[in-house]
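The working numbering numbers the first residue of the sequence shown as -2 and each following residue consecutively.
No lab work stands behind these hints: they were computed from the structure.
On a predicted model such as this, the values are computed, not experimentally measured, just so you know.
Each hint should be verified, as a subset may be incorrect.
[Said to hold, decoys possible] EDC-like mimics (lysine to aspartate or glutamate), calculated; alpha carbons at most 16 Å apart, straight line:
1) K17 <-> D103
2) K147 <-> E10
3) K115 <-> E10
4) K91 <-> E142
5) K147 <-> E120
6) K106 <-> E149
7) K131 <-> E90
8) K106 <-> E90
9) K4 <-> E149
10) K147 <-> D26
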Amino acid sequence: MSEEKSKRPDWDEYFMAIAKQVASRATCDRRHVGAVLVSQDRVILSTGYNGAPRGMPHCDEIGHEIVEGHCVRTVHGEANAIAQAARSGVSIEKATLYTTASPCYDCFKLLINAGVKKVVYDEFYMSRYEASAKVLELAKNAGIEMRALKVEK
(Lines of atoms letter the chains of each structure in order from A and count residues from 1; the text may use other names and numbers.)
(Lines give C-alpha, C1' and ligand atoms only; values in the text may rest on other atoms or scores of the structure.)
Protein backbone atom coordinates (compact mmCIF):
# COMPACT_ATOMS: atom_id res chain seq x y z
CA MET A 1 0.00 0.00 0.00
CA SER A 2 1.55 3.27 -1.08
CA GLU A 3 0.94 6.51 0.71
CA GLU A 4 -0.30 9.41 -1.37
CA LYS A 5 1.79 12.51 -1.00
CA SER A 6 -0.06 15.76 -0.71
CA LYS A 7 0.41 17.99 -3.72
CA ARG A 8 2.78 20.85 -3.06
CA PRO A 9 1.20 24.07 -4.35
CA ASP A 10 2.96 25.95 -7.11
CA TRP A 11 3.87 29.58 -6.39
CA ASP A 12 0.67 31.02 -7.85
CA GLU A 13 -1.46 28.63 -5.80
CA TYR A 14 0.58 29.40 -2.69
CA PHE A 15 0.19 33.18 -2.96
CA MET A 16 -3.51 32.91 -3.88
CA ALA A 17 -4.09 30.82 -0.75
CA ILE A 18 -2.43 33.61 1.24
CA ALA A 19 -4.69 36.18 -0.46
CA LYS A 20 -7.70 34.12 0.65
CA GLN A 21 -6.40 34.16 4.22
CA VAL A 22 -5.83 37.93 4.02
CA ALA A 23 -9.47 38.29 2.86
CA SER A 24 -10.59 36.79 6.18
CA ARG A 25 -9.53 40.10 7.82
CA ALA A 26 -11.92 42.17 5.65
CA THR A 27 -14.36 44.27 7.64
CA CYS A 28 -16.91 44.83 4.88
CA ASP A 29 -19.66 42.29 5.41
CA ARG A 30 -20.82 42.59 1.78
CA ARG A 31 -17.65 41.17 0.21
CA HIS A 32 -14.32 39.91 1.52
CA VAL A 33 -11.36 40.59 -0.76
CA GLY A 34 -7.70 39.90 -0.02
CA ALA A 35 -4.70 41.12 -2.00
CA VAL A 36 -1.03 40.17 -1.87
CA LEU A 37 1.73 41.99 -3.76
CA VAL A 38 4.72 39.77 -4.52
CA SER A 39 8.15 40.63 -5.95
CA GLN A 40 9.66 38.97 -9.01
CA ASP A 41 11.74 36.78 -6.71
CA ARG A 42 8.64 35.59 -4.80
CA VAL A 43 8.86 37.77 -1.69
CA ILE A 44 5.66 39.16 -0.19
CA LEU A 45 5.89 42.94 -0.36
CA SER A 46 2.51 43.95 1.02
CA THR A 47 -1.00 42.72 1.77
CA GLY A 48 -4.38 44.41 1.95
CA TYR A 49 -8.04 43.67 2.46
CA ASN A 50 -11.19 45.69 1.97
CA GLY A 51 -12.46 47.82 4.81
CA ALA A 52 -12.79 51.35 6.11
CA PRO A 53 -9.84 53.75 5.93
CA ARG A 54 -7.24 53.34 8.68
CA GLY A 55 -8.56 54.46 12.07
CA MET A 56 -12.14 54.94 10.86
CA PRO A 57 -15.19 52.92 11.99
CA HIS A 58 -15.87 49.83 9.89
CA CYS A 59 -19.08 49.01 8.03
CA ASP A 60 -19.72 46.07 10.34
CA GLU A 61 -19.75 48.61 13.22
CA ILE A 62 -21.72 51.55 11.78
CA GLY A 63 -23.31 50.28 8.57
CA HIS A 64 -22.71 50.80 4.89
CA GLU A 65 -22.55 54.04 2.97
CA ILE A 66 -24.22 52.86 -0.24
CA VAL A 67 -24.17 54.98 -3.40
CA GLU A 68 -25.52 53.41 -6.60
CA GLY A 69 -25.32 49.93 -5.06
CA HIS A 70 -21.70 50.30 -3.98
CA CYS A 71 -20.31 50.90 -0.49
CA VAL A 72 -18.21 54.04 -0.88
CA ARG A 73 -16.79 53.84 2.67
CA THR A 74 -14.75 50.77 1.79
CA VAL A 75 -11.16 50.95 0.60
CA HIS A 76 -10.53 48.02 -1.73
CA GLY A 77 -7.99 45.34 -0.85
CA GLU A 78 -5.73 46.19 -3.79
CA ALA A 79 -5.68 49.88 -2.85
CA ASN A 80 -4.90 48.98 0.77
CA ALA A 81 -2.00 46.75 -0.37
CA ILE A 82 -0.61 49.62 -2.47
CA ALA A 83 -1.05 52.07 0.43
CA GLN A 84 0.62 49.68 2.88
CA ALA A 85 3.63 49.33 0.57
CA ALA A 86 3.83 53.12 0.22
CA ARG A 87 3.62 53.64 4.01
CA SER A 88 6.48 51.17 4.43
CA GLY A 89 8.59 52.63 1.62
CA VAL A 90 8.42 49.41 -0.41
CA SER A 91 8.53 49.57 -4.21
CA ILE A 92 5.99 47.36 -5.95
CA GLU A 93 7.34 48.01 -9.44
CA LYS A 94 7.21 44.82 -11.57
CA ALA A 95 5.30 43.04 -8.78
CA THR A 96 2.52 40.49 -9.18
CA LEU A 97 -0.82 41.08 -7.48
CA TYR A 98 -2.68 38.02 -6.18
CA THR A 99 -6.27 38.91 -5.39
CA THR A 100 -9.42 37.01 -4.55
CA ALA A 101 -11.46 39.18 -6.95
CA SER A 102 -10.30 40.97 -10.08
CA PRO A 103 -9.52 44.64 -9.50
CA CYS A 104 -12.08 47.34 -10.22
CA TYR A 105 -11.35 49.98 -12.84
CA ASP A 106 -10.06 52.54 -10.31
CA CYS A 107 -7.80 50.05 -8.51
CA PHE A 108 -6.48 48.80 -11.83
CA LYS A 109 -5.41 52.33 -12.76
CA LEU A 110 -3.51 52.51 -9.44
CA LEU A 111 -1.82 49.19 -10.23
CA ILE A 112 -0.71 50.52 -13.63
CA ASN A 113 0.77 53.67 -12.08
CA ALA A 114 2.51 51.64 -9.35
CA GLY A 115 4.22 49.47 -11.98
CA VAL A 116 2.51 46.13 -11.26
CA LYS A 117 3.08 43.78 -14.21
CA LYS A 118 0.85 40.78 -13.50
CA VAL A 119 -2.53 40.22 -11.83
CA VAL A 120 -3.66 36.77 -10.75
CA TYR A 121 -7.27 36.64 -9.57
CA ASP A 122 -9.57 33.96 -8.20
CA GLU A 123 -12.87 35.42 -9.39
CA PHE A 124 -13.59 37.92 -12.16
CA TYR A 125 -15.77 40.48 -10.43
CA MET A 126 -18.37 41.95 -12.77
CA SER A 127 -20.22 45.06 -11.78
CA ARG A 128 -21.69 48.07 -13.52
CA TYR A 129 -19.77 50.31 -11.12
CA GLU A 130 -16.43 48.65 -11.79
CA ALA A 131 -16.64 48.92 -15.59
CA SER A 132 -15.05 45.45 -15.55
CA ALA A 133 -14.77 45.06 -19.33
CA LYS A 134 -12.60 48.18 -19.33
CA VAL A 135 -10.17 46.50 -16.92
CA LEU A 136 -9.27 43.90 -19.55
CA GLU A 137 -8.78 46.63 -22.13
CA LEU A 138 -6.56 48.58 -19.72
CA ALA A 139 -4.52 45.45 -18.98
CA LYS A 140 -3.90 44.82 -22.67
CA ASN A 141 -2.94 48.43 -23.36
CA ALA A 142 -0.64 48.61 -20.30
CA GLY A 143 1.02 45.24 -20.97
CA ILE A 144 -0.21 43.74 -17.71
CA GLU A 145 -0.78 40.00 -17.72
CA MET A 146 -4.16 38.92 -16.30
CA ARG A 147 -4.63 35.32 -15.18
CA ALA A 148 -7.57 33.54 -13.58
CA LEU A 149 -6.69 30.97 -10.92
CA LYS A 150 -9.22 29.05 -8.82
CA VAL A 151 -7.72 27.75 -5.59
CA GLU A 152 -9.66 26.00 -2.86
CA LYS A 153 -8.93 27.30 0.63
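Cross-check of the supplied hints:
1. K17 <-> D103: 22 Å, violated
2. K147 <-> E10: 8 Å, holds
3. K115 <-> E10: Distance ~15 Å between K115 and E10 Cα, so the pair holds.
4. K91 <-> E142: With a Cα-Cα distance of about 11 Å, the restraint between K91 and E142 holds, given a limit of 16 Å.
5. K147 <-> E120: 7 Å, holds
6. K106 <-> E149: Violated: K106 and E149 sit about 28 Å apart, past 16 Å.
7. K131 <-> E90: 22 Å, violated
8. K106 <-> E90: The hint holds at about 14 Å.
9. K4 <-> E149: Given that 16 Å is the threshold and the Cα spacing comes to 13 Å, the pair holds.
10. K147 <-> D26: 22 Å, violated
Checked against the numbered hints listed earlier, the structure breaks hints 1, 6, 7 and 10; every other hint is satisfied.
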